[in-house]
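Given only the sequences and the hints, what does the whole structure look like? Please build it.
Chains as they are written, first to last, in this note's numbering: chain A, 1 to 183; chain B, 1001 to 1269.
Hints are computed from structural coordinates only; laboratory data are not their basis.
Among the hints, erroneous ones may be present.
Stated by the list, open to error - Within a straight-line C-alpha distance of at most 20 angstroms, the following computed SDA-like cross-link-like pairs (lysine to any residue) qualify:
#1 B:Lys1085 - A:Arg56
#2 A:Lys111 - B:Val1169
#3 A:Lys50 - B:Arg1056
#4 A:Lys58 - B:Gln1060
#5 A:Lys44 - B:Ala1266
#6 B:Lys1063 - A:Glu61
#7 B:Lys1085 - A:Leu53
#8 A:Lys50 - B:Gln1073
#9 A:Lys44 - B:Gly1045
#10 B:Lys1085 - A:Glu55
#11 B:Lys1063 - A:Ala57
#12 A:Lys164 - B:Val1046
#13 A:Lys44 - B:Trp1052
#14 A:Lys58 - B:Val1068
#15 B:Lys1159 - B:Ala1266
#16 B:Lys1063 - A:Gly62
#17 A:Lys44 - B:Arg1056
#18 A:Lys50 - B:Gln1060
#19 A:Lys44 - B:Asn1081
#20 A:Lys50 - B:Phe1072
#21 B:Lys1063 - A:Asp54
#22 A:Lys50 - B:Gln1059
#23 A:Lys50 - B:Glu1077
#24 B:Lys1095 - A:Gly62
#25 A:Lys58 - B:Val1062
#26 A:Lys50 - B:Lys1159
#27 A:Lys50 - B:Lys1063
#28 B:Lys1063 - A:Pro47
#29 B:Lys1095 - A:Phe43
#30 A:Lys44 - B:Val1049
#31 A:Lys50 - B:Ile1116
#32 A:Lys50 - B:Val1062
#33 A:Lys58 - B:Glu1094
#34 B:Lys1095 - A:Leu53
#35 A:Lys58 - B:Val1046
#36 A:Lys44 - B:Asp1090
#37 A:Lys50 - B:Ala1266
What the hints assert, rightly or not - Derived, one-sided and incomplete: chain B residues facing chain A with beta-carbon distance under 8 angstroms:
#38 Leu1048
#39 Val1062
#40 Thr1105
The model shown is predicted, which means the values in this text are computed figures rather than measured ones.
Where a beta carbon is used, it is the ideal one built from N, C-alpha and C, also for glycine.
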Amino acid sequence: MLERIFTATAPEGGETPNPLLPADYDIIWSAVIFVILLTFFWFKVLPGFKNMLDERAKAIEGRLAEAEEAQRAAEHRTAAVMAEQEQLRAEASSIREEARSEGAQILAELKEQASKDAERLAESTKSSLVAERDAAARSLQAEIGALAIELASRIVGEKLKDDKVANKVVDDFISELEGKKTK
Amino acid sequence: MSLFTAEDGEFHPPSIYEFYPEIVLFEGTPFAINRIMMIRLIVLGVLLVLFWLWTRKFQQSVKTGQLVPGRFQLLGEMALNFVRKSIAHDQLGEKDGDRFLPLLTTIFFMVLGMNITGIIPFANIAGTSVIGIPLVLALAAYVTFIYAGVRRHGVKFFKNSLFPSGVPVYFYTLVTPIEFLSTFILRPVTLALRLLMNMIAGHLLLVLCFSATHFFFFQAEGIFQLFGAGTLLFGFAFTLFEILVAVLQAYVFTLLTTVYIQLALADEH
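Dropping the structure here:
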């Protein structure tokens, strides 16, 4: 049909060319252009393109790996920090525990010391009291001797005639002293 | 062409001679050059420069370790990836897709580049509107899919293609000629003709619209001049349509080539 249109529209006279039959130059130039383009794309454009895509994929993968690495390192660091914290916490609690027990020990020691001191103080007080009483007794005995001598001399001096009376007086006096002393 | 020659007061419809402009160089030799050959060579130059620039960008980005492509580079990547991913990898898988990628890429960008000159001012005719390029590309596709089949299946490729399994033996008298015709004759012929006729028809439509516009505006009288506005509008619409056709035909040609290769590689037919 197309051919009929061409024939109809062709100017009169002259051969009507058939568009389905290629002229030699047409085929040759088409083939030349095709071969040039094919070679160009095959050996120049597409290898460059593919190379670029490969490099990009590699680089992107590399960056992903890098990021993964960084993430792993960060996780590692976090874990280390947490472990350290845990350790510190444990250490702190153990220190606290130690301090508490030490404090209790110190308190106990102090209490013991204090009770000992108090005991010692009481002891020393008691002994000093005993010593003072002894001293007082001693001084009293000395005074009693003197008083006895004085009384004796008085009795001897005034009522030496009645031995019985004299003896009774002496006895009474001594028992009186004895009673005083034991009181 | 007829856009500028309709000056004698008559309307000149477009003719087949649109596609046979006079030869300007090397007349009589097999390397004769006319306007269409010149357009083809210019397209070749543009494609070479464009893709050379893109390749240089790719190499630079590898060298500098620059991962993020610029706008220009991204455009090239999208163009190349369109053929690589949407056509080759989708149909053939990554391995075979990459094997046949050079041919597919060449076909796509060559057809696209040659088609688009149909609507580029001062070129105004597609490099594919003469049968040379459609024929050469169809031949390349033909040789390639037969090569792919023979390489994969050996002689069994022809047996698989001509004697499809699961058909009763006596049907082969009917099926085999049909298969032969469709696979080994009609495939390349339809590839070439589809592209050629699309481009010829597109060009004729545009010439018709614009030469009619010219005629109505400058030769017609009175109310008929208004028809020019209509034909101009049609011309504009068909120009847009031709852009679509240019891309679509490039895509279809490449996709069909890929499908033929894929069918040749497939184990069962």
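Here is what the structure says about each hint:
Restraint check for B:Lys1085 and A:Arg56: satisfied, since their Cα atoms lie roughly 17 angstroms apart, inside the 20 angstroms limit. Under the criterion of a C-alpha separation no larger than 20 angstroms, the hint pairing A:Lys111 with B:Val1169 is inconsistent with the structure, at around 119 angstroms. Under the criterion of a C-alpha separation no larger than 20 angstroms, the hint pairing A:Lys50 with B:Arg1056 is consistent with the structure, at around 13 angstroms. Taking the CA atoms of A:Lys58 and B:Gln1060, the gap is about 16 angstroms. The hint holds against a cut of 20 angstroms.
Taking the CA atoms of A:Lys44 and B:Ala1266, the gap is about 30 angstroms. The hint is violated against a cut of 20 angstroms. Proximity of B:Lys1063 to A:Glu61 is assessed by CA-CA distance (about 17 angstroms); at most 20 angstroms being required, the pair is judged to hold. For the hint linking B:Lys1085 to A:Leu53, the alpha-carbon distance of about 13 angstroms falls within 20 angstroms, and the restraint holds. A threshold of 20 angstroms between alpha carbons decides the hint, and for A:Lys50 with B:Gln1073 the separation of about 14 angstroms falls inside it, so the pair holds.
Straight-line distance between C-alpha atoms of A:Lys44 and B:Gly1045 comes to about 15 angstroms, which keeps the hinted pair within the 20 angstroms bound. Annotation: proposed proximity of B:Lys1085 to A:Glu55 holds, straight-line Cα distance about 18 angstroms (limit 20 angstroms). Note on B:Lys1063 and A:Ala57: the hinted pairing holds, with a Cα-Cα distance of about 15 angstroms set against a maximum of 20 angstroms. A hinted pair counts as satisfied when its Cα atoms are at most 20 angstroms apart, and A:Lys164 with B:Val1046 does not qualify at roughly 175 angstroms.
The hinted pair formed by A:Lys44 and B:Trp1052 meets the criterion: a straight-line CA distance of about 8 angstroms does not exceed 20 angstroms. At most 20 angstroms may separate the alpha-carbon atoms for a hinted pair to count; A:Lys58 and B:Val1068 meet this at roughly 14 angstroms. A threshold of 20 angstroms between alpha carbons decides the hint, and for B:Lys1159 with B:Ala1266 the separation of about 13 angstroms falls inside it, so the pair holds. A C-alpha spacing of about 16 angstroms is found between B:Lys1063 and A:Gly62, which places the hinted pair at or below 20 angstroms, so the restraint holds.
As the CA atoms of A:Lys44 and B:Arg1056 are separated by approximately 10 angstroms, the hinted pair is consistent with the 20 angstroms bound. The straight-line distance between the Cα atoms of A:Lys50 and B:Gln1060 is roughly 13 angstroms, inside the 20 angstroms bound, and the hint therefore holds. Restraint check for A:Lys44 and B:Asn1081: the C-alpha separation of about 16 angstroms stays at or below 20 angstroms, so the hint holds. Only pairs whose Cα atoms come within 20 angstroms are accepted, and A:Lys50 paired with B:Phe1072 is accepted, the gap being roughly 17 angstroms.
For the hint linking B:Lys1063 to A:Asp54, the alpha-carbon distance of about 13 angstroms falls within 20 angstroms, and the restraint holds. Distance hint between A:Lys50 and B:Gln1059 is fulfilled; the C-alpha atoms sit about 10 angstroms from each other, no more than 20 angstroms. Of the supplied pair hints, the one linking A:Lys50 and B:Glu1077 holds, its CA atoms being roughly 10 angstroms apart against a limit of 20 angstroms. With a CA separation close to 24 angstroms, the supplied pair B:Lys1095 and A:Gly62 exceeds the 20 angstroms bound.
Of the supplied pair hints, the one linking A:Lys58 and B:Val1062 holds, its CA atoms being roughly 11 angstroms apart against a limit of 20 angstroms. Note on A:Lys50 and B:Lys1159: the hinted pairing is violated, with a Cα-Cα distance of about 36 angstroms set against a maximum of 20 angstroms. Taking the CA atoms of A:Lys50 and B:Lys1063, the gap is about 14 angstroms. The hint holds against a cut of 20 angstroms. The suggested pairing of B:Lys1063 with A:Pro47 holds, with an alpha-carbon distance near 15 angstroms, which does not exceed 20 angstroms.
Restraint check: the Cα-Cα separation between B:Lys1095 and A:Phe43 comes to about 18 angstroms, which is no more than 20 angstroms; the hinted pair holds. For a cut-off of 20 angstroms, the pair hint linking A:Lys44 to B:Val1049 stands: about 12 angstroms separates their Cα positions. Of the pairs offered as hints, the one joining A:Lys50 and B:Ile1116 is violated, with about 27 angstroms between alpha carbons and a cut-off of 20 angstroms exceeded. A hinted pair counts as satisfied when its Cα atoms are at most 20 angstroms apart, and A:Lys50 with B:Val1062 qualifies at roughly 11 angstroms.
Under the criterion of a C-alpha separation no larger than 20 angstroms, the hint pairing A:Lys58 with B:Glu1094 is consistent with the structure, at around 18 angstroms. For the hint pairing B:Lys1095 with A:Leu53, the CA-to-CA distance comes to about 15 angstroms; that is within 20 angstroms, so the pair holds. For the proposed pair A:Lys58 and B:Val1046, the alpha carbon gap of about 32 angstroms is over 20 angstroms, so the pair is violated. Distance hint between A:Lys44 and B:Asp1090 is unfulfilled; the C-alpha atoms sit about 24 angstroms from each other, more than 20 angstroms.
For the hint linking A:Lys50 to B:Ala1266, the alpha-carbon distance of about 26 angstroms lies beyond 20 angstroms, and the restraint is violated. Hint status for B:Leu1048: holds, given a least beta-carbon distance of 6 angstroms to chain A, under 8 angstroms. Interface restraint check for B:Val1062: the shortest CB-CB distance to chain A comes to about 5 angstroms, inside 8 angstroms, so the restraint holds. For B:Thr1105, the interface hint holds, the least distance from its beta-carbon to any beta-carbon of chain A being 5 angstroms, beneath 8 angstroms.
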